[in-house]
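Visitor: With the hints as your guide, set chain B onto chain A.
There are 2 protein chains.
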Amino acid sequence: MEFSSKILEQAVEAFAGLPGVGKKTALRHVLHLIKQGPKEMDAFMHAINQLKNNLKFCIKCHNISETEICTICSNSKRDSTTICLVQDFRDILAIESTGQYKGVYHVLGGLISPLDGIGPNELNINGLVEKVAAGGIKEIILALNATMEGETTSFFIFRKLAPFNVELSAIARGLAVGDELEYADEITLARSIANRVPFQTALKK
Amino acid sequence: MEFSSKILEQAVEAFAGLPGVGKKTALRHVLHLIKQGPKEMDAFMHAINQLKNNLKFCIKCHNISETEICTICSNSKRDSTTICLVQDFRDILAIESTGQYKGVYHVLGGLISPLDGIGPNELNINGLVEKVAAGGIKEIILALNATMEGETTSFFIFRKLAPFNVELSAIARGLAVGDELEYADEITLARSIANRVPFQTALKK
Chain A
2 MEFSSKILEQ
12 AVEAFAGLPG
22 VGKKTALRHV
32 LHLIKQGPKE
42 MDAFMHAINQ
52 LKNNLKFCIK
62 CHNISETEIC
72 TICSNSKRDS
82 TTICLVQDFR
92 DILAIESTGQ
102 YKGVYHVLGG
112 LISPLDGIGP
122 NELNINGLVE
132 KVAAGGIKEI
142 ILALNATMEG
152 ETTSFFIFRK
162 LAPFNVELSA
172 IARGLAVGDE
182 LEYADEITLA
192 RSIANRVPFQ
202 TALKK
Chain B
2 MEFSSKILEQ
12 AVEAFAGLPG
22 VGKKTALRHV
32 LHLIKQGPKE
42 MDAFMHAINQ
52 LKNNLKFCIK
62 CHNISETEIC
72 TICSNSKRDS
82 TTICLVQDFR
92 DILAIESTGQ
102 YKGVYHVLGG
112 LISPLDGIGP
122 NELNINGLVE
132 KVAAGGIKEI
142 ILALNATMEG
152 ETTSFFIFRK
162 LAPFNVELSA
172 IARGLAVGDE
182 LEYADEITLA
192 RSIANRVPFQ
202 TALKK
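The listed protein sequences correspond, in order, to chains A and B. So the first sequence is numbered by the numbering used here: it starts at 2 and just counts up by one. So the second sequence is numbered by the numbering used here: it starts at 2 and just counts up by one.
Everything labelled a hint here was simulated from the structure, so no lab data went into it. Keep in mind that a hint or two might mislead.
Copies of one chain are not kept apart here, so a pair can be met inside one copy or by any two copies together.
Heads up, simulated DSS-like pairs for lysine-lysine below, C-alpha to C-alpha not over 27 angstroms straight-line [said to hold, decoys possible]:
| id | residue 1 | residue 2 |
| --- | --- | --- |
| 1 | LYS53 | LYS36 |
| 2 | LYS25 | LYS7 |
| 3 | LYS40 | LYS53 |
| 4 | LYS24 | LYS103 |
| 5 | LYS139 | LYS78 |
| 6 | LYS161 | LYS61 |
| 7 | LYS25 | LYS36 |
| 8 | LYS161 | LYS132 |
| 9 | LYS40 | LYS24 |
| 10 | LYS24 | LYS161 |
| 11 | LYS25 | LYS61 |
| 12 | LYS24 | LYS36 |
| 13 | LYS78 | LYS61 |
| 14 | LYS24 | LYS57 |
None of the values given here were measured: they were computed from a predicted structure.
Just chain A, same shape as in the assembly (with noise of 0.2 angstroms):
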């Protein structure tokens, strides 16, 4: 695509940087904001800035944070001697929206990936190391995803942290609710009778 403007050339591959958006969503995007006009634009800038300026890590756990303590880790009434690992923040959306965790999170970043070039030390695993000898965690829970990569890195991390006296467990791999047993495919349904559960515990919620 050629443009007769570069100041609209520029702008289209500043929204064609983003994934999964390639020139002609971006073009439609800047289009877009052209029509809606310059309130419209400083709205975006204004929160584009926002982000760059004050949104942070919390130093605890990593997650993002607008104080240098996020507020999962400031709450007082979460169980700090339990962490969840998770991949990144998305995951802890995902996991608050259940309401079933109370205890507090790490989040490691990524996941290994020698195909991607990410290696342990590109991932926040030292600090994770640093908490649990420190002492007084109990209990590290892995939530990784299911695949290549998320089964790598557990391990890894489980390898890691073993010498340490703290419980691991992993969130359950099984078929997810809603779903037929003819459909499943042969791993999770392996694993689903592998780790099976009481009936009592299975009915709760």
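Guide: Just chain B, lined up with the frame of chain A:
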């Protein structure tokens, strides 16, 4: 989705205002920007700021432009007696990329669509009528979408311009190059038969 941070929420809402972007995609965009860091965010804001302050609409054809009169209207090599009427700027890009058209354009800014509350007065129709009334225009090519709204708008403009001594043409509707006859819909096929052209003309690229 509930966010722990007001800043994050505002940014997600800004992105979710773009066409075809939902809250989940918006969050993905925002997290991408955060990951990229302040430099990327600055580039993003700069691009939008440029759009806001330095982008204008050509006073002659309403095309997006950096100057008062766009590069197409101010190009003396282009035939200013032929005007191609298009819905918006993207259509100019599409036509320009064919390299076949040497005239100038007129951007309507939309199509008549009573359901969306867009009537003739919301579009740049009067400007076109004035141009034609002023004289010196030989041909107007109606190049609007082959949709209900496009055809309605074309017909409205046809009636508006009928009293003037100007040739009115519409871009051809027919089988797209590469299409198979068997799968063409009846209306397209009927039109392509009714508007058949001498074979020598059809061969021309």
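Visitor: State whether the alpha carbon distance between LYS161 and LYS61 is at most 27 angstroms within one copy, between copies, both, or neither.
Guide: within (19 angstroms within a copy, 69 angstroms between copies)
Visitor: As a check of your reading, is LYS40 near LYS24 (CA-CA no more than 27 angstroms) within one copy, between copies, both or neither?
Guide: Classified as both: same-chain Cα gap 24 angstroms, cross-chain 21 angstroms, threshold 27 angstroms.
Visitor: Using 27 angstroms as the alpha carbon limit, work out where LYS24 and LYS36 are close: within a copy, between copies, both or neither.
Guide: both (18 angstroms within a copy, 21 angstroms between copies)
Visitor: Using 27 angstroms as the alpha carbon limit, work out where LYS24 and LYS57 are close: within a copy, between copies, both or neither.
Guide: between (31 angstroms within a copy, 21 angstroms between copies)
Visitor: Classify it for me, LYS40 with LYS53: is the Cα-Cα distance of at most 27 angstroms met within a copy, between copies, both or neither?
Guide: both (20 angstroms within a copy, 9 angstroms between copies)
Visitor: Is it within, between, both or neither when you check LYS53 against LYS36 at 27 angstroms Cα-Cα?
Guide: Close inside one copy (26 angstroms) and across copies (11 angstroms); limit 27 angstroms.
Visitor: At most 27 angstroms between alpha carbons: which applies to LYS25 and LYS7, within, between, both or neither?
Guide: The answer is within: 16 angstroms in one copy meets 27 angstroms, while 31 angstroms across copies does not.
Visitor: First find the shortest C-alpha distance between LYS139 and LYS78 inside one copy, then the shortest across copies, and answer within, between, both or neither for a cut-off of 27 angstroms.
Guide: within (16 angstroms within a copy, 78 angstroms between copies)
Visitor: Is it within, between, both or neither when you check LYS161 against LYS132 at 27 angstroms Cα-Cα?
Guide: Intra 12 angstroms, inter 76 angstroms, cutoff 27 angstroms: intra-copy only.
Visitor: Can you give me the call for LYS25 and LYS61, within, between, both or neither, at a CA distance of at most 27 angstroms?
Guide: between (41 angstroms within a copy, 26 angstroms between copies)
Visitor: Is the C-alpha distance from LYS78 to LYS61 at most 27 angstroms within one copy, between copies, in both cases, or in neither?
Guide: within (16 angstroms within a copy, 65 angstroms between copies)
Visitor: With identical chains treated as interchangeable, where does the CA-CA distance between LYS25 and LYS36 reach 27 angstroms or less: within a copy, between copies, both, or neither?
Guide: Close inside one copy (16 angstroms) and across copies (24 angstroms); limit 27 angstroms.
Hint 10 from the earlier list is the only one contradicted by this structure; the remaining hints agree with it.
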